[in-house]
Amino acid sequence: MMVLAGIEKRALKSAQSLRETQLIMGMPITVELVGHRPDREAMLADTFAHFTAIDEQFSTYKGTSEISRFNRGECTEAELSPDLRKIFALGETTRLETRGFFDMRRPDGLIDPSGIVKGWAIRNAAEALRARGFDNFYVEAGGDIQTAGIDARGLPWAIGIRSPFAVHEIVKVLFPRGKGVATSGTSIRGQHIYDPHAPSMPLTEVVSLTVIGPDILEADRFATAAFAMGSAGIGFIERLDGFEGYEIQANGMARATTGFAQLTATE
Amino acid sequence: MNNANLTNYVQQRRAAGINDDAIRRSLLAKGWHPDEIDEALGLRLAALSVGPSARPQRMRSKIALMLALAGITGVYALWQVFGTNTSAAAVLPLSAATQQPAQTQSQPQQSTTVHNATEPSSAPSSNTAPSQTATAPAAPPKPKGQYADGIYTGSVANAYYGNVQVQAIIQGGKIANVKFLQYPYTHSASMYINQQAMPYLTQEAIQAQSANVSGVSGATFTSEAFAQSLSSALNKAKNA
Chain S
1 MMVLAGIEKR
11 ALKSAQSLRE
21 TQLIMGMPIT
31 VELVGHRPDR
41 EAMLADTFAH
51 FTAIDEQFST
61 YKGTSEISRF
71 NRGECTEAEL
81 SPDLRKIFAL
91 GETTRLETRG
101 FFDMRRPDGL
111 IDPSGIVKGW
121 AIRNAAEALR
131 ARGFDNFYVE
141 AGGDIQTAGI
151 DARGLPWAIG
161 IRSPFAVHEI
171 VKVLFPRGKG
181 VATSGTSIRG
191 QHIYDPHAPS
201 MPLTEVVSLT
211 VIGPDILEAD
221 RFATAAFAMG
231 SAGIGFIERL
241 DGFEGYEIQA
251 NGMARATTGF
261 AQLTATE
Chain Z
1001 MNNANLTNYV
1011 QQRRAAGIND
1021 DAIRRSLLAK
1031 GWHPDEIDEA
1041 LGLRLAALSV
1051 GPSARPQRMR
1061 SKIALMLALA
1071 GITGVYALWQ
1081 VFGTNTSAAA
1091 VLPLSAATQQ
1101 PAQTQSQPQQ
1111 STTVHNATEP
1121 SSAPSSNTAP
1131 SQTATAPAAP
1141 PKPKGQYADG
1151 IYTGSVANAY
1161 YGNVQVQAII
1171 QGGKIANVKF
1181 LQYPYTHSAS
1191 MYINQQAMPY
1201 LTQEAIQAQS
1211 ANVSGVSGAT
1221 FTSEAFAQSL
1231 SSALNKAKNA
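If you read the protein sequences in the order shown, they are chains S and Z. For the first sequence, the numbering used here assigns the number 1 to the initial residue and increments by one for each residue that follows. For the second sequence, the numbering used here assigns the number 1001 to the initial residue and increments by one for each residue that follows.
Here chain S stands alone, though its shape is the one from the complex (with noise of 0.2 Å):
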């Protein structure tokens, strides 16, 4: 057992990249640090205690978390933490920017933060990784992916879109060159995002929408709002400036915005 688990680390450790995929935040979260430096092990190990301490402050689902005692009102707004105040002021700007289709706020009047707290948290790990000289990695969080630099291959790193009818199945190949990918669609744990201003209204046709903004946490607040909005997601990221999109119906149709198109050449 022993002799098989270390097959299975060095099948991911080589000279030229490591990398480690742990559940946290209830997804499989993973990282992957291209070239050989001696602090590569404790670089990843400090990415992965960034997710696990950004889960204990901020799951909805853990009761001790600041935000479970912020929505049982066991602390004011004052009271939050600096951190909780920039996803809240995101939140907020997120909401306005999109037309009210990006709101934290539940139907039930309480807040569920999730909705930047993921591309949030790739971000400053991504940001943790340049600040310390690590320039080729990729960042991954439930399906919400950026990179930076090359691959362990010397590559520009390639990404797959998946194909919402089948798990194995990719439908695309994206170089995101540094920009941040992220896919909002309802077959993950059910329908998991509603649109704000009707929330009895199901969201049907568009089965998945991938967005490609300039880092990851731009790429997922818009990714979430834009897939709210239905089929009118795609022209609302194709007027963002700096943002591109793949929409993909339940029929098994694709739209993509103008410029997506460059992001799938290999040149």
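Honestly, the hints are just simulated from the structure, not real lab data. Fair warning: there could be bad hints in the mix.
[Stated by the list, open to error] According to the in silico footprint, chain S covers these stretches of chain Z (three or more CB under 8 Å from chain S):
1. 1014 to 1028
2. 1201 to 1210
[Said to hold, decoys possible] Using C-beta positions, here's what the derived DEER-type ranges look like:
3. ASN1239(Z) x THR21(S): 36 to 42 Å
4. GLY1017(Z) x LEU155(S): 31 to 37 Å
5. VAL167(S) x HIS1033(Z): 25 to 31 Å
6. ASN1239(Z) x LEU155(S): 50 to 56 Å
Note that CB positions come from ideal geometry on N, CA and C, so glycine has one too.
Could you slot chain Z onto chain S? The hints should help.
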């Protein structure tokens, strides 16, 4: 290619080991109407008769079994809740459909086919409860009007090979109809209405790619059953 040739084409592709999913997508890409493809694939007419299982997969069979169990549980719950012949009849076909994959250990496209049995036409609005003839066993009576009349939409439930979403129509406190709003590889009228012209966007049929990628962006799947969608719709009716 006319429709007879289309049927021949489908048979040839199947004989070549191509699965129905792939056939369907390539035909969609060539501009065939989904209804014609469904017909050629036999999804409409011989809904329950499907070919031999090409590559049985234990995991998928397990999921099918879970779906079946969820379906049975859902039906039982509905009986408890509704207690009218009509409602039982409206829901029974779902149960029959979900049981099928578990019994035959069928592969996913067979499951899709089987599910289509509950929806004789591709337009969900035409999906009336198949047996209004009160062939279902009688259930214990419940006070009338425990559900408010209206149309209630269930949540989107993932059925592994696609999403299922239903709408329950309550009249006189009972289920008058259950419509499918989302169904794996089927189409609702509203889908076509929403294909409004956005000339600057490029449109294509999705196609599976084989490439060496470092990661995949997308939603992950759960084994939650479609029964979830119906129960959420009925919860709304109960609390309305």
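Can you give the numbers of the hints that this structure goes against, from lowest to highest? Hints that this structure does not satisfy do not exist here, as all of them hold.
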